[in-house]
Amino acid sequence: MSILIDEKTRLLVQGITGSEGSFHTQRCIEYGTKVVAGVTPGKGGSEILGVPVFNTVETAVKETRANASMIFVPPAFAADAILEAADAGILLVVCITEGIPVLDMVMVHNYLKDKSTRLIGPNCPGLISPGKCKAGLMAGDIHLQGNVGVVSRSGTLTYEAVAQLTSFGIGQSTCVGIGGDPLPGSTFVDILKLFQKDKDTKAVILIGEIGGTAEQEAAQFIKEKMTKPVVAFVAGATAPLGKRMGHAGAIISGSSSRAQDKIAALANAGAIIAPSPAEIGLTLKKVLAK
Amino acid sequence: MKIHEYQAKALLSEFGIPVPRGGVATTPAEAKRIAAELEGKVAIKAQVYAGGRGKAGGIKVANTPEEAEKLAAQMLGTRLVTHQTTPEGVPVSKVLIEKAVSIQRELYLSIIVDGASRMPVMMASEAGGMDIEEVARVSPEKILKVYIDQAAGFQSFQRRKLAYGMNLNSTHIRPATSLMTNLYKLFQAKDCSLAEINPLVVTTDGELLALDAKLNFDDNALFRHSDIEQLHDVEQEDPLEAKANELGIKNYIKMDGNIGCMVNGAGLAMAVMDLITQAGGRPANFLDTGTVNDANRVVNAFKIFTTDPNVKAILVNIFGGITRVDVIAQGIVEAHKQMDCRLPLVIRLAGTNVDDGKRIIAESGIKFVEATDFYDAARKAVEAAKGGSK
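Protein chains in written order, with numbering that gives the first Met the number 0: chain A, 0 to 289; chain B, 0 to 389.
No wet-lab data here; the hints were simulated from the structure. Quick reminder that beta carbons are idealized off the backbone N, C-alpha and C, glycines included.
Between beta-carbon pairs, the in silico distance windows are: (1) B:308 with A:267: 38 to 48 Å; (2) B:164 with A:288: 50 to 60 Å; (3) A:44 with B:281: 52 to 62 Å.
Lysine-lysine pairs mimicking BS3-like chemistry, simulated, CA-CA at most 30 Å apart: (4) B:160 with A:112; (5) A:114 with B:144; (6) B:54 with B:69; (7) A:222 with B:144; (8) B:54 with B:141; (9) A:114 with B:189; (10) A:112 with B:184; (11) A:112 with B:144; (12) B:184 with A:114.
Use the sequences and the hints to build the structure in full.
Structure representation (structure tokens):
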């Protein structure tokens with residue numbers, strides 16, 4: 000098994016005719032993903048990469064029974080694209096788009112509250128269940144089918160971790176990039192819940208970074224609910240905390256946005272901390288050997 | 000994006016929030032004229048993108064227009080160093096001259112988007128002023144919070160909860176709740192990432208005034224706020240950060256080391272900095288290229304490295320995903336065509352189109368050190384930087 004996507008996923012791509020959209024759609028098809036439809040308003044009736052293009056998500060779903068969507072729509076229109084997918088009954092929406100205004104995402108979250116749609120992203124690399132389905136930007140060939148779940152806020156650092164695992168012959172059940180935005184559709188906790196339930200996931204890698212409180216919430220969940228081992232790395236121990244958000248930012252998150260505090264919270268919850276980003280795979284290998 | 004206090008107050012005023020009377024001056028003579036118009040005691044406030052001005056001497060009180068002129072002359076043209084700035088400080092090119100008010104109470108009011116609840120949250124406290132973060136740490140119950148539901152909107156009862164919670168007099172409840180309504184309107188209309196009034200004062204005359212205010216804006220939303228975008232004051236930024244921004248590299252932060260880093264992805268960029276530090280070196284910057292689909296972005300990153308006198312070696316670590324490694328490679332080659340770049344260069348490439356990328360660089364004949372993985376890259380860059388600084 001795996002989580003969220005597998006052989007049964009019928010993927011639709013919103014923004015399929017753009018240069019990024021078409022490039023990565025092609026890569027997904029090459030990997031073996033069933034891309035059944037594309038949506039670009041105004042280009043309905045045409046075809047790209049052998050995939051039929053529709054004007055609206057609703058008609059695309061009706062015609063092709065698409066059950067997941069990957070979004071490459073520019074930031075100014077991306078929130079609308081997410082809503083359109085949810086309205087059409089798509090259960091998994093993966094929003095790749097980077098640079099969506101935060102207040103647009105506040106509105107999106109409100110809309111999704113009473114829908115059964117799960118959103119991954121925005122500003123994320125998507126996800127892959129190796130050997131089964133890829134709905135994202137990651138290079139397929141660095142992955143290997145197996146039993147380690149990976150969840151990460153960082154796209155490219157995930158590729159590093161996965162490449163390390165694969166070099167040890169350790170495969171992955173599903174790798175989920177939840178994205179680096181302040182308001183992600185799915186959080187660490189959402190994905191950890193799925194990995195905990197998934198029979199084929201034996202251990203999990205969690206990759207966090209400075210800012211926000213998502214790692215602390217993950218730590219709480221790991222402490223209370225996770226029985227599977229979790230290896231964690233938090234990037235940014237040496238990074239400048241960067242742009243201060245006035246006093247309000249400090250009040251709302253306290254000191255918890257620092258890497259040290261996040262690492263401490265995860266370690267206290269029983270996660271095994273990788274000492275360096277170059278040793279994420281090695282740390283997991285040792286855990287599995289125990 | 001940040002703006003100056005005087006600009007924030009103009010926006011507050013536009014949205015019906017009372018602020019002290021005042022004007023902005025760029026010369027001592029202007030300061031004198033404004034002080035004379037205001038009559039009586041005035042405050043002279045340095046306009047910089049940094050907090051902690053009061054303790055750093057960036058806020059002074061003048062009793063006469065002549066004194067205002069003298070104090071403005073002392074501030075204008077200098078650099079102000081506060082606990083939030085670098086040791087070099089930030090330039091003071093404008094001062095805000097404001098009618099001094101006599102304060103009865105100092106309150107706190109702000110709005111931010113809360114990541115955990117995914118809603119805007121308005122926070123209020125009757126313990127406003129300089130030590131509000133300390134208040135939040137020691138007595139969190141003194142910070143009142145209401146979360147603003149997007150379907151229901153910002154409700155009257157929520158505003159009353161905050162106003163009564165701050166123990167305002169009955170005469171101040173209505174002005175306070177209407178001020179809250181207006182602040183939220185401004186927050187939404189202008190895509191703020193932060194709207195903070197600290198302190199919000201009750202004067203001895205019984206007036207409610209935004210004595211100091213900070214407005215930050217969501218960079219991702221500036222495309223629909225050209226009026227806000229043009230308020231940006233480039234001279235308040237680090238010159239290299241300003242240059243990076245001008246060249247379209249939004250995620251560049253200057254640091255104090257000597258290894259120029261170009262990495263795709265913020266997490267990976269931070270991890271590379273962590274590794275450089277572990278290997279005994281120091282990064283010269285944080286630079287997340289973001290998604291690169293134009294080789295020119297890479298050329299621009301190299302322009303920053305060659306401008307920064309501290310950079311002794313360049314480390315390029317790219318793990319392609321949405322970014323294609325061949326495009327990065329073209330950029331590196333193009334950069335070497337356009338500029339005289341003799342800095343030692345360590346390159347580690349992986350991911351989407353990596354073979355094409357490696358071929359393009361190899362065929363170009365550029366001198367570089369190839370790294371196999373990113374720890375190897377960090378180690379080699381640290382070595383190269385040591386060699387370069389002999």
